[in-house]
Amino acid sequence: EDQVTQSPEALRLQEGESSSLNCSYTVSGLRGLFWYRQDPGKGPEFLFTLYSAGEEKEKERLKATLTKKESFLHITAPKPEDSATYLCAGRLYTGTASKLTFGTGTRLQVTL
Amino acid sequence: NAGVTQTPKFQVLKTGQSMTLQCAQDMNHNSMYWYRQDPGMGLRLIYYSASEGTTDKGEVPNGYNVSRLNKREFSLRLESAAPSQTSVYFCASRPHGVRDTEAFFGQGTRLTVV
Numbered sequence: 001e002d003q004v005t006q007s008p009e010a011l012r013l014q015e016g017e018s019s020s021l022n023c024s025y026t027v028s029g030l031r032g033l034f035w036y037r038q039d040p041g042k043g044p045e046f047l048f049t050l051y052s053a054g055e056e057k058e059k060e061r062l063k064a065t066l067t068k069k070e071s072f073l074h075i076t077a078p079k080p081e082d083s084a085t086y087l088c089a090g091r092l093y094t095g096t097a098s099k100l101t102f103g104t105g106t107r108l109q110v111t112l
Numbered sequence: 113n114a115g116v117t118q119t120p121k122f123q124v125l126k127t128g129q130s131m132t133l134q135c136a137q138d139m140n141h142n143s144m145y146w147y148r149q150d151p152g153m154g155l156r157l158i159y160y161s162a163s164e165g166t167t168d169k170g171e172v173p174n175g176y177n178v179s180r181l182n183k184r185e186f187s188l189r190l191e192s193a194a195p196s197q198t199s200v201y202f203c204a205s206r207p208h209g210v211r212d213t214e215a216f217f218g219q220g221t222r223l224t225v226v
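Protein sequence lines correspond, in order, to chains C and L.
Letter 107 of the first sequence, counting from 1, is numbered 107 in our numbering, and no numbers are missing.
When you read off a place in the second sequence, starting at 1, and then add 112, the result is the number in our numbering.
Some clues are possibly wrong.
Taking lysine-lysine and the DSS-like style, the derived pairs with C-alpha atoms no more than 30 Å apart in a straight line are [stated by the list, open to error]:
#, chain 1, residue 1, chain 2, residue 2
1, L, Lys183, L, Lys169
2, C, Lys42, C, Lys63
3, C, Lys79, C, Lys69
4, C, Lys42, L, Lys126
5, C, Lys59, C, Lys79
6, C, Lys57, C, Lys79
7, L, Lys183, C, Lys42
8, C, Lys42, L, Lys121
9, C, Lys79, C, Lys42
10, C, Lys57, C, Lys68
11, C, Lys79, C, Lys63
12, L, Lys183, L, Lys121
13, C, Lys57, L, Lys126
14, L, Lys121, L, Lys169
15, L, Lys169, L, Lys126
16, L, Lys169, C, Lys68
17, L, Lys169, C, Lys69
18, C, Lys42, C, Lys59
Derived DEER-like restraints, expressed as beta-carbon distance ranges [said to hold, decoys possible]:
#, chain 1, residue 1, chain 2, residue 2, range
19, C, Lys63, L, Ser192, 32 to 38 Å
20, L, Arg222, C, Asn22, 26 to 32 Å
21, C, Glu1, L, Pro151, 20 to 26 Å
22, C, Ala10, L, Thr132, 33 to 39 Å
23, L, Arg189, C, Glu58, 24 to 30 Å
24, L, Ser130, C, Glu56, 45 to 51 Å
In case anyone wonders, no lab produced these hints; they're calculated from the structure.
The beta-carbon is built from N, C-alpha and C at its ideal position, and this holds for glycine as well.
Let the hints inform the model, and build the full structure from the sequences given.
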């Protein structure tokens, strides 16, 4: 069964305290690992796509990395505005369409 | 550029009532999706449509029907609402066949069935 598991469920950091979020996956025929950010009351907003083990992508204080079984979202010196739920998803293709299988997310709170 | 627009934003239904959630995208995307999001369950795929005129079941299709009215619009219908369908519903769209392109999500419809 295709599965995406995120940990921790919730994370509280002080401003400037770096950390990592984990996403482990068992998606057969994976065609991309996606990271999204979701603010309360809003839809998910795209952050990164990773395709190959060893691949890394960066955006401001965020860096996503991918291995054969998991992905990490590293947050360096976070600020309060980084507080959100971070979702990862694995994409697989079925015939003519692609589907995303999501994890349950990590709720990040960054305090002053 | 509106992106993906969902209506309504909030809805309260009584058990057994029916309603249709509307979704429209203005990005000329081929693929459209309906997800539901519940606490502790993450986003789960209800139905998807790879192109106009085609629809397929996702992970949790029971109790729902969909219509891909045209390329822009993909609606989700609850024929007889149940309390278990209380959730936040998200519509998404994506261009077909583009490797690195992510799915774009709407703002969600918060549905409560009492």
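Going down the list of hints, with the structure as the test:
Straight-line distance between C-alpha atoms of Lys183/L and Lys169/L comes to about 18 Å, which keeps the hinted pair within the 30 Å bound. Of the supplied pair hints, the one linking Lys42/C and Lys63/C holds, its CA atoms being roughly 23 Å apart against a limit of 30 Å. Annotation: proposed proximity of Lys79/C to Lys69/C holds, straight-line Cα distance about 29 Å (limit 30 Å). A distance of roughly 25 Å separates the Cα atoms of Lys42/C and Lys126/L; the hinted pair therefore holds under the 30 Å criterion.
Our distance criterion of 30 Å between C-alpha atoms is met by Lys59/C and Lys79/C, whose separation comes to about 14 Å. Our distance criterion of 30 Å between C-alpha atoms is met by Lys57/C and Lys79/C, whose separation comes to about 19 Å. The suggested pairing of Lys183/L with Lys42/C holds, with an alpha-carbon distance near 24 Å, which does not exceed 30 Å. Distance hint between Lys42/C and Lys121/L is fulfilled; the C-alpha atoms sit about 11 Å from each other, no more than 30 Å.
Between the alpha carbons of Lys79/C and Lys42/C the distance comes to roughly 20 Å, so the proposed pair stays at or under 30 Å and holds. This hinted pair checks out: Lys57/C and Lys68/C have alpha carbons roughly 16 Å apart, not beyond 30 Å. Distance restraint check for Lys79/C and Lys63/C: the Cα-Cα separation of roughly 15 Å lies within the 30 Å cut-off, and the hinted pair is therefore satisfied. For a cut-off of 30 Å, the pair hint linking Lys183/L to Lys121/L stands: about 22 Å separates their Cα positions.
For the given pair, Lys57/C sits about 46 Å from Lys126/L by alpha-carbon distance, which is inconsistent with the 30 Å threshold. Under the criterion of a C-alpha separation no larger than 30 Å, the hint pairing Lys121/L with Lys169/L is consistent with the structure, at around 24 Å. For the suggested pair Lys169/L and Lys126/L, the alpha carbons sit about 25 Å apart, so the restraint of at most 30 Å is met. With a C-alpha separation of about 29 Å, the suggested pair Lys169/L and Lys68/C falls inside the 30 Å cut-off, and the hint holds.
The straight-line distance between the Cα atoms of Lys169/L and Lys69/C is roughly 27 Å, inside the 30 Å bound, and the hint therefore holds. A C-alpha spacing of about 21 Å is found between Lys42/C and Lys59/C, which places the hinted pair at or below 30 Å, so the restraint holds. For Lys63/C and Ser192/L, the Cβ-Cβ distance of about 47 Å falls outside the hinted range of 32 to 38 Å, so the restraint is violated. The beta-carbon spacing between Arg222/L and Asn22/C, approximately 29 Å, falls within the hinted interval of 26 to 32 Å.
Distance hint check: the CB atoms of Glu1/C and Pro151/L are about 21 Å apart, consistent with the given range 20 to 26 Å. The hinted window of 33 to 39 Å between Ala10/C and Thr132/L holds, with their beta carbons roughly 35 Å apart. Checking the proposed 24 to 30 Å range against Arg189/L and Glu58/C shows it is violated: the Cβ atoms sit about 42 Å from each other. Judged by the Cβ atoms, the range 45 to 51 Å given for Ser130/L and Glu56/C holds: they are separated by roughly 48 Å.
The structure fails hints 13, 19 and 23 (numbered hints given earlier, in ascending order).
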